Amino acid sequence: MPDILALVLQQTLNGVYLGCLYVLVALGLTLIYGVMNQINFAHADFVTIGAFTAFFSASRLATHVLGLPDATAYLLSIFFAMGAGALLGYLINAAVFAPLRDRGDELRPLIATIGVSVLLENGQLALFGPIPYSFDSPFTQHTLRLGKIFFSAQSLLVVVVAALAIGGLHAFMRHTYLGKALRAVSQDRETAGLMGINERYLIGLTIVIASALAGLAGALLGPVIVLTPFAGSSVIVKAFAIVIIGGFGNMEGTIIAGILVGIIEAFTVQYLGSGLIDLVVFVLLLAMLAVRPTGLIAERREENV
Amino acid sequence: MISRRLVEGIALFAAIGCALASAPALAQKTIKIGVLIPVSGPASYFGVQGKEGMDLALDQINRGSGVNGNHFEVKIEDSACSPLQATNTAKRMLEQFKPDVVIGEECSDASLAIAPIFEQAHVPMLNAGSATNQLTESGYKYVFRIFPNAKQQGIPLGRNAYTKLGARTAVLLYEKTNAGVDNADGFAKEFEAAGGKILARIDFGRDVNDFTPIATRIAALGKVDVLPTFGLEGQQVRLSQALAQAQVVKGGGGSGIQMGSIWLPWGYDAKAGQASVGYVRIVQFDPTEKRKVVTDFIAAFRARYGADKTPTHINAHAYDTIQLVAEAVRQGATDAESIRDRFSRIKDLELTTGKITFDASGQTVDPSVIHFVETQPDLSWKSLPW
Numbered sequence: 004m005p006d007i008l009a010l011v012l013q014q015t016l017n018g019v020y021l022g023c024l025y026v027l028v029a030l031g032l033t034l035i036y037g038v039m040n041q042i043n044f045a046h047a048d049f050v051t052i053g054a055f056t057a058f059f060s061a062s063r064l065a066t067h068v069l070g071l072p073d074a075t076a077y078l079l080s081i082f083f084a085m086g087a088g089a090l091l092g093y094l095i096n097a098a099v100f101a102p103l104r105d106r107g108d109e110l111r112p113l114i115a116t117i118g119v120s121v122l123l124e125n126g127q128l129a130l131f132g133p134i135p136y137s138f139d140s141p142f143t144q145h146t147l148r149l150g151k152i153f154f155s156a157q158s159l160l161v162v163v164v165a166a167l168a169i170g171g172l173h174a175f176m177r178h179t180y181l182g183k184a185l186r187a188v189s190q191d192r193e194t195a196g197l198m199g200i201n202e203r204y205l206i207g208l209t210i211v212i213a214s215a216l217a218g219l220a221g222a223l224l225g226p227v228i229v230l231t232p233f234a235g236s237s238v239i240v241k242a243f244a245i246v247i248i249g250g251f252g253n254m255e256g257t258i259i260a261g262i263l264v265g266i267i268e269a270f271t272v273q274y275l276g277s278g279l280i281d282l283v284v285f286v287l288l289l290a291m292l293a294v295r296p297t298g299l300i301a302e303r304r305e306e307n308v
Numbered sequence: 025m026i027s028r029r030l031v032e033g034i035a036l037f038a039a040i041g042c043a044l045a046s047a048p049a050l051a052q053k054t055i056k057i058g059v060l061i062p063v064s065g066p067a068s069y070f071g072v073q074g075k076e077g078m079d080l081a082l083d084q085i086n087r088g089s090g091v092n093g094n095h096f097e098v099k100i101e102d103s104a105c106s107p108l109q110a111t112n113t114a115k116r117m118l119e120q121f122k123p124d125v126v127i128g129e130e131c132s133d134a135s136l137a138i139a140p141i142f143e144q145a146h147v148p149m150l151n152a153g154s155a156t157n158q159l160t161e162s163g164y165k166y167v168f169r170i171f172p173n174a175k176q177q178g179i180p181l182g183r184n185a186y187t188k189l190g191a192r193t194a195v196l197l198y199e200k201t202n203a204g205v206d207n208a209d210g211f212a213k214e215f216e217a218a219g220g221k222i223l224a225r226i227d228f229g230r231d232v233n234d235f236t237p238i239a240t241r242i243a244a245l246g247k248v249d250v251l252p253t254f255g256l257e258g259q260q261v262r263l264s265q266a267l268a269q270a271q272v273v274k275g276g277g278g279s280g281i282q283m284g285s286i287w288l289p290w291g292y293d294a295k296a297g298q299a300s301v302g303y304v305r306i307v308q309f310d311p312t313e314k315r316k317v318v319t320d321f322i323a324a325f326r327a328r329y330g331a332d333k334t335p336t337h338i339n340a341h342a343y344d345t346i347q348l349v350a351e352a353v354r355q356g357a358t359d360a361e362s363i364r365d366r367f368s369r370i371k372d373l374e375l376t377t378g379k380i381t382f383d384a385s386g387q388t389v390d391p392s393v394i395h396f397v398e399t400q401p402d403l404s405w406k407s408l409p410w
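Chains as they are written, first to last, in this note's numbering: chain A, 4 to 308; chain B, 25 to 410.
Same shape as in the complex, but just chain A (with noise of 0.2 Å):
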């Protein structure tokens, strides 16, 4: 294969890989806002709480306590991670969010999130500490070639999980009962409520639903990030411009905006510099939003989810 090819198929794959990581942790963000129509400003810390339930998880409880070999201790920590993200999200939202919302305030609960965020980031930094954990995977150290293409098992399994995630999430959303029921909340409460369609129910899973992705985000980030305390707001902000890019609260669109992110991020490095990443990404959102507002799928609210 010329090297160019080589080079060309190299950054391709690393981007798609770099995309499918950027996916898993703007899904969160995009279900929550296609449904009840609010930014989480704190999804950035479930996914560092991800990312610490799963090194504990992996690398106390199951390899040491249960004595599971180290692949199985870390599969079995992406569970870990997801309950850990469920059961905050769960709490917090009984807790917080829909006290709030209740009263009817739809900027109370906006702010609710970055206070939230402030919270879980400097009781993780009491928790945790500030010095950079060392999270590595198995799956980190295995490397496979294919000719002059390599990649890390580990990235193999980012894809393949993040696949999962989204197929799954598409199947739950269009063929179950609950995932039409929140389609119908996100297209008009009012008359889901009428349908008899719990709308505090449903908004509660909804939270749930994304912290649980964030918690897997995190378990699948933690070997790729510097593990510390701030690690999740290392990656929000792409996730950000990716989910607005996409067409905020559209799933299809944030998948496109994300692989496209990952790539452009991996032949802005290849061809005008790492420094310059964060000035293309976002020369990109300005870019959609003056030319194409409603993001890369063009906004039709009963779609969205």
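The reader is advised that the hints may include incorrect statements.
[Stated by the list, open to error] Pulled a few chain B residues facing chain A out of the computed Cβ check, cut under 10 Å:
no., residue
1, 73
2, 223
3, 226
4, 243
5, 244
6, 268
7, 297
8, 298
9, 302
10, 405
[Stated by the list, open to error] Derived DSBU-like pairs (lysine-lysine); straight-line CA-CA distance at most 35 Å:
no., chain 1, residue 1, chain 2, residue 2
11, B, 379, B, 75
12, A, 151, B, 371
13, B, 221, A, 151
14, B, 200, A, 151
15, B, 247, A, 151
16, B, 371, B, 122
If you're looking for bench data, these hints aren't it; they were derived computationally from the structure.
Predicted model, so just to flag it, every value in this text is computed and none were measured.
Think of the CB as a built atom: it goes at the ideal place given N, C-alpha and C, for glycine as much as any other residue.
Given the coordinates of chain A, assemble chain B onto it according to the supplied hints.
What follows is chain B alone, placed relative to chain A:
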């Protein structure tokens, strides 16, 4: 008559008593040390480790009768490695705490932001973690630094890459900050002057997590002899792993040698694993060193923080800053002006991170304990006799 003598005697006795009582009060002073370090944010590991080192030194100093009868009072504020937050915190500290000396900041950009504030207030600022040359090359009279600047680190790296490692090509990897740029420039200048060639300069922000695209780009450049790398520990771990995966560096079966500076604390090699094998870097604080000041410090550190804990250069630098203030007070300093004066006259003061002698710009100039190490396959350090 008797009563007059009695009154005079009592008055004299009282005067002597008052003089005696007030003498120690005049001699005893609380030296106020303001500390600006990152306690929050991604660079907060500097602050946490810095506080450990300072607490240890303060315990040792304040435990007895202090230094010349003076005790130290320390106020730590979070400057978050951020120029804006550091500036606001510095101003507030000057107004409210009125320090005699200030220690900080760790990050170069924040240090550059607060230096003119303390210069204007005539309060000496002692820095132990910023590498940018500009900090002590801006003509400040109240800025002192016990950390080697970018030139002191980059020049020997560049020279030894060419002469000792036989490197002829290099790719520079550095974070996009004053310190990162200065370190990279220092290396490039020396390496190119010797005849070496810089194939690429690759900078990155602190929010970059996945370094695979960067490693791919470097792999496509062909044979690279050395890769001088300047970044925070967490990112360097991931960068080394990506370079190993792309078979660029020795740790991944390639031929390139990653080189680095004092930025990396003790413990980096264990975190990066096999990817760090063959990494050559400068260290200033080496916990395996046998100097008495180092062994005493490690013993005291372990007694306080746990037998299994090994201090990093961040712990050691912070410990040294308090010891340096203590030395100035030992030499008679009692306020900001006299502390600045004593700092400027300090010569060959032996501390855990080396001998301190400041030049006219306030930069420590004695590189006696800076040496090179190479990470071995068992992740231990091998000292290089350069």
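Results for each hint:
1. Hint on residue 73 of chain B holds. Least Cβ distance to chain A is approximately 8 Å, under the 10 Å limit.
2. The interface hint given for residue 223 of chain B is violated, since its Cβ lies 14 Å from the closest Cβ of chain A, which is over the 10 Å cut-off.
3. Below 10 Å, beta-carbon pairs count as interface contacts, and residue 226 of chain B has one with chain A at about 6 Å; its hint therefore holds.
4. For the restraint placing residue 243 of chain B at the interface with chain A, the shortest Cβ-Cβ distance is roughly 8 Å, inside the 10 Å limit, so the hint holds.
5. Given the 10 Å rule on beta carbons, the hint for residue 244 of chain B holds: about 5 Å separates it from the nearest Cβ of chain A.
6. A distance limit of 10 Å between C-beta atoms decides the matter here; for residue 268 of chain B the minimum to chain A is near 9 Å, and the interface restraint holds.
7. Taking 10 Å as the C-beta cut-off, the interface hint given for residue 297 of chain B holds, the closest approach to chain A being about 7 Å.
8. Interface hint at residue 298 of chain B: satisfied, since its Cβ lies 9 Å from the closest Cβ of chain A, which is below the 10 Å cut-off.
9. For the restraint placing residue 302 of chain B at the interface with chain A, the shortest Cβ-Cβ distance is roughly 18 Å, beyond the 10 Å limit, so the hint is violated.
10. At its closest, the beta carbon of residue 405 of chain B sits 18 Å from a beta carbon of chain A; the interface hint therefore is violated under the 10 Å criterion.
11. Restraint check: the Cα-Cα separation between residue 379 of chain B and residue 75 of chain B comes to about 22 Å, which is no more than 35 Å; the hinted pair holds.
12. Between residue 151 of chain A and residue 371 of chain B the alpha-carbon distance is near 57 Å, which puts this suggested pair outside the 35 Å criterion.
13. For the hint pairing residue 221 of chain B with residue 151 of chain A, the CA-to-CA distance comes to about 26 Å; that is within 35 Å, so the pair holds.
14. With a CA separation close to 30 Å, the supplied pair residue 200 of chain B and residue 151 of chain A stays within the 35 Å bound.
15. The hinted pair formed by residue 247 of chain B and residue 151 of chain A meets the criterion: a straight-line CA distance of about 15 Å does not exceed 35 Å.
16. At roughly 28 Å between alpha-carbon atoms, residue 371 of chain B and residue 122 of chain B fall within 35 Å of each other, so this suggested pair holds.
Of the numbered hints listed earlier, those contradicted by the structure are 2, 9, 10, 12.
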